[in-house]
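Trainee: Below are the chains, spelled out letter by letter.
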Amino acid sequence: MIRFLARRLVQMALLFVVFLSIVWLLLQAMPGDISDTLVGNPDIPREVRFELRQRLGLDQPLHIQYITYITNFFRGEMGVSFSRYPADVSTVIWQHLPRTIVLFLTATVFAFWLGFKSGKLIAWGRGGRSEQAFILGGVFLQTVFYPWFAIVMMWVFGFYLGWFPISRFIDARLWQGSPYDANDLFEQMILSTLLVTVVYVVGRVLIKRFATTVTMEARLRQALVLVTVGGLILFWYLHPARTYVADIAHHTVLPVVTLGLVTFGATMLLTRSAMLETLGEDYILTARAKGLPDRVIRDRHAARNAMLPVTTSLVLSLAFVIGGGIVTESVFSWPGTGQLLLQAVMVSDIPLAAGILAVTGVLALVGHLVADVLYTVLDPRIRIT
Amino acid sequence: MTISVENLETRQVDPTKPLLEVDRLVMHYKIKAGEVSAVEDVTFTVHQGEAVGLVGESGCGKTSVALSLMRLLPNNAEYVSGQIRLDGEDLLQLTDEEMRTRRWKDIAMVFQGAMNSWNPVYRVGDQIREVLDTHFRGQMTYEQQREHMERLFAAVGLPGEMLDRYPHEFSGGMRQRAVIAMALACSPQLIIADEPTTALDVIVQDQILKELKRIQTELGMSIIYISHDIAVIAEVTDSLGVMYAGKLVEYGPTTEVFARPKHPYAYLLLKSTPSITGPRRQLAPLEGEPPDLLAPPTGCRFHPRCPFATERCAIEEPPLADIGGGHRVACWHWEQVPDLEEALLR
Amino acid sequence: MVAAACTGGGTADTTADTTGDTTGETTEETTPPDTGEDTTPEDTTGDTGGAGGEFDTYTLGIFQDVTTDNAWNMLDTAGNTVWNSYFLDPTTASAYQIALPGLEVVPELAAGELPPVTQEGDVWVGEFTLRDDATWSDGEPITAHDVAFTWNTAVEFELIGNWEDFTDTDIVTSVEAVDDYTVRVTFNAEPGLAVWGLGNSVPLMPIMPEHYWGPIVEEARGTENPRETLLAASGAEAPAAGPTVFADRQEGSFAASSANPNYFAKGEEMTSGDVTYTVGPFAQNFQFPLYGGQDQAVLALANGEVDLLLNPLGMQQGFREQVESNPDLTAVVNPTNGYRFLAFNHARAPMSDPAFRDAFSILINKEFVTEQLLQGVAFPLYVILPEGNTAWYNEEVAAQIAEEQGAGLDDDARRAEAKRILVEAGYSWETEPGWVDSDGNLSDEPGEGLSFQPGEGLIDPDGNPIESLELIHPTAGYDPLRATFGSYIAGVAQEMGIPVVSVPTDFNKIVADVFAVDENNEYTSPFDMFILGYSLGNPTFPTFHQSFFGTDASDNNTQYSNEEFDAAAAAFASASSVEEAYEALWEMERIIARDKPHVPLFDTGILEFYNNRVQFPFTETLSGLQFGSGMQEFVTAR
Ligand SMILES: Nc1ncnc2c1ncn2[C@@H]1O[C@H](COP(=O)(O)OP(=O)(O)O)[C@@H](O)[C@H]1O
Ligand SMILES: [Mg+2]
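Protein chains in written order, with my numbering: chain A, 120 to 504; chain B, 7 to 352; chain C, -11 to 626.
The hints are simulated quantities; they were obtained by calculation from the structure and are not laboratory data. Since this is a predicted model, take the numbers as computed values, not measurements. Among the hints, a few may not be true.
As the list claims (entries may be wrong) - Simulated pairs of lysine to any residue, SDA-like, Cα-Cα distance not exceeding 25 Å:
no.	chain 1	residue 1	chain 2	residue 2
1	B	K36	A	L398
2	B	K36	B	E323
3	B	K216	B	N82
4	B	K216	B	S278
5	A	K236	B	E323
6	B	K38	A	R245
7	A	K327	B	R171
Stated by the list, open to error - A few chain A residues that don't get close to chain B, going by computed Cβ distances all over 10 Å:
no.	residue
8	L233
9	D300
10	T334
11	L343
12	E400
13	R407
14	L411
15	P412
16	L484
17	D498
18	R500
Ideal placement from N, C-alpha and C gives every residue a C-beta, glycine not left out.
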């Protein structure tokens, strides 16, 4: 395992250099540079553009720029953003990343969870009316023109029904003059959720280890869920920034649901077909012959095996969180890395665009690694060597 | 290999007492094109401690009978008529939930696909424990469960550590042994073994069958062996039924049926099977294919392939008539069958 | 609804109906509105009481993040976005400002009109006095020291962007405080209106508070990169001189400011153009929520969540009907401070030949394209100065130029004229274009019973066939209007045998190509013709002619060079009276119309929406309400 990881990490590093180089070169190959944004503005003299190019090093030969960029990158410096000069690329990305992570993690996790559940249920209860409805809905969600769908969602729930705010992630009226920084709260939200997840996982492992009967195990698990989820809710309920966090949560609902629905549709259909495949397996018949309750057969045997393809798609989709969010983030005025990338590319802010893509690349690579490791957990037949 | 059933519960057996009575069972599959008459008027009885064999070419409805008994049929199956009585109680009248609790506890099953009977993602031990969790909920601690499972493994000659292994780490034979161990987990009265050794190599097949037989007799269970290979199960069964096209065409004590098959189909089936254990036999051809059960032949379902077929055979269905000694056969011409050999030799 | 085209004073017949914009966001005009257009009254003490219309929060929707709270940065390059200036510009004030809607330069912090400069030996000196009752939002007085500090810091730290425009270091040699309220500016040559009067220079330069920035500047001086350090410093706590003060900013969501409690001009009367109004601010808070797109912003507007949407390119035409049918909302259209044009490369034949350019451009029936093909969402242009710039527009000369350039001619007349010009200049054809009768006789003029026969293979006066020419222009996806013009122009030219192909090109690529430079930073101009649009910068002293067309000027990428023009441009820049400048400006327009480095094609107008919850003393103003950053200092509640 250690050797496997070491080898993979080396591979990943090499792959990453290639990826980064390609990204950088592609961005460079785009016509124009940042100084073009000052073109045609009679109040800004031409010299300013030249000066700007000089200061940003854009007048250097391409290979020098490239070498400088790559070496700096691996020294941990992603450079200074051209369009948000003099802010650091890493600072800018770090500012946007939590928002994207909150949006996508919530949407993806919920969508996969619900998609998996319902895909499982409709595959199990084959042939009903509701199955038809779910499949139709799933296909609709999977094929719908997403920007249009997002706007319709916003129109219906934000404007017509008025249940949710139309845009953005916080209400300016509430937040003006607030002592909190939205980004800090975002980070806290991520951290607290992460912490709870870790506690939960550790708890599960401990329970597995020390429980002596099935019933005891089931009780302890329920208690664990109660403690972790309850703890999380209580923590935020008692948090001094409660109203602000609630505001963020309220703003998060619509984009999360919209984005989630699409992922949900795809996951549901994927789960359903994977599930139908496993339902035909002999071990399902064995499980039934063993007199196991339907729920156990469905969840422990059928769904568990149907999870493999769904997990791949989950891990990969998490890795593409950043780029994939451009549409959602634009429609819901959600200032995450997707929007940031779009803006960076539009003004040829190469360090910023490359930085975002680099982070995406790292996530994708790590995602693949996680998927591979997860596979061995999910399917003991798969060995990593 | 230490095989020990000592620590498992043994049952007192009264061989005259019927355990399972299948009475005029009719079961059809509904498909778009119509109804598949997969089990047609099947009647037989399994007594306590008895080993019954069911043979027939593939597609004759053996598995359908087995699944009918467990009520594990697919959704498109329909019980048309008949009864399946276990200890006098009609299983077809039970609710789904009642039936579920009977499965494995009263009737366990060893499937054909030993390889695929195991869920690849769970340890073998956990899959056996699942049975204990379900049928003895709250009655055993994890420790007791473990002990019990180790005994079961010992009974089929597997080391207890293997419980912690995943199915793919087992060889084919070991997997099937483990299935047998699992089948014994709740000390069922009846085990149905549907082609239990088909995919295994011949030596292993034989070993496993013998062990199964031994365990069965020692524990006082009843068993139904299902195979397309008459020679294989003749050795381990007390009674033998021959199925053709959804019907039981011959049934009787194994010695009788095996030595003197009376139904032309049984005869030809026996002749066409090579045997490494039985006496060397002349191979005889069993031509053609079993019929399409969507539209089975009229009269005797075997008549299109039968060398003795007469006009009557195509019109009138022969009943499963007792010809003495509990030997029953459904053929208008069973008396001519011994002549068949001569006819074939010519 | 109010549909404003442009205000009174000598405008042409442009009506609101012809000034829509289908694709607001597809033009590239990125210039922020100029600094210093806070509209505050002259040095009069108006009646403070009872303006009414006070309200709590004025909400202005924006489409990109406010990225800085530092006004230095806002006027340099990276922070120099229109969004930053909508938000931060009203926190600043300068000695003089541009009054809206009339675009006059009037005193803001200054007490009285700008006095003339005097010569003192080799140098010229100008002085202006600040009013002594103005304070920063923290109560400190605004003094001449602040002005000197601002100029000196911008120069010392080599700030670029708009700062270069304000500091004018090529002519301004020093800015000093004579006493607390008198600013003395020294010039190395006699300054024209561009530097002393109307243009972006010291009098219009936003003033930064020394008591806040002084220590930061001091500290920055010692760092490795002082400019970067200054621009990165926080201005969140900086006191404001303008009507608003920075309040809060959550990047990615909103920016907010509040009314400056010590705003010196509050309650004063202001007259500009033909409008008189009271200066506020009347709102207590100003919020700038960020929207990801126009769809959601318009929904928010209808929802009452936001009062006005700020966008330098205006809103898309597609929303117009929806907004107009909503009784709570108002849509206004104003002329833009910009134009779209066809440019010729004057360094390449045959574009270098005036006759060719004349013949080529006379073929373009702008009225036909704007009215027939574009269904009235654009209107034709013949001069560059927008008619919305009421202070400078000359209707008479503009009409005259339009006529000379063939406004209103029909297609046959255009072809005949083009042919006449080309023939006269010595061009010929492989297949001559003309009008044929039923017997096949070719005539140079259209007439009864004659039909036009396209020509082929134009041959230059030296007898060489003209090689294929490329007209690059934005793609239809980027801007359907310019794309339509591009393919139309290529079509009419081809009919006359001029081998032009229209090449729709990615916008960024056009910009990169036409502004390509060599190692000496000289434009290489690797093109034949292109279509783009420019914005025009400070409308009170429009120096764009010089920037676009002056020999070697900063945006002159057409290789156009004409001493006559340069002389007019110089006269404009050094003009010491408005009349002189006016003459020179229209002289430049005439020369440009004649020489055609650019052929103005059309403008679309800027479309804006607001919620009737708020009202403005005027909505007819050049480049729309966004140009005044949403009129934060005098908007009132209805
Ligand atoms: N689910 C089903 N639907 C329809 N027909 C089926 C189904 N399962 C089995 N059959 C048909 O029923 C008949 C008996 O099959 P089976 O019981 O599997 O026979 P065997 O076990 O003797 O090979 C065959 O003709 C088979 O095609
Ligand atoms: Mg079978």
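Trainee: For each hint, tell me whether it holds in the structure or not.
Mentor: To see whether the hints hold, each was checked on the structure:
1. K36/B - L398/A: OK: K36/B and L398/A at ~20 Å, within 25 Å.
2. K36/B - E323/B: Roughly 23 Å separates the two Cα atoms, so the pair holds.
3. K216/B - N82/B: Since the Cα atoms of K216/B and N82/B sit roughly 36 Å apart, the hinted pair is violated (cutoff 25 Å).
4. K216/B - S278/B: 24 Å, holds
5. K236/A - E323/B: 52 Å, violated
6. K38/B - R245/A: 17 Å, holds
7. K327/A - R171/B: 17 Å, holds
8. L233: 23 Å, holds
9. D300: Its Cβ never comes within 10 Å of chain B, the nearest being 45 Å, so this holds.
10. T334: 5 Å, violated
11. L343: 18 Å, holds
12. E400: 6 Å, violated
13. R407: Check fails; 6 Å does not lie beyond 10 Å.
14. L411: Violated: least Cβ distance 5 Å, not greater than 10 Å.
15. P412: 7 Å, violated
16. L484: 26 Å, holds
17. D498: 6 Å, violated
18. R500: 5 Å, violated
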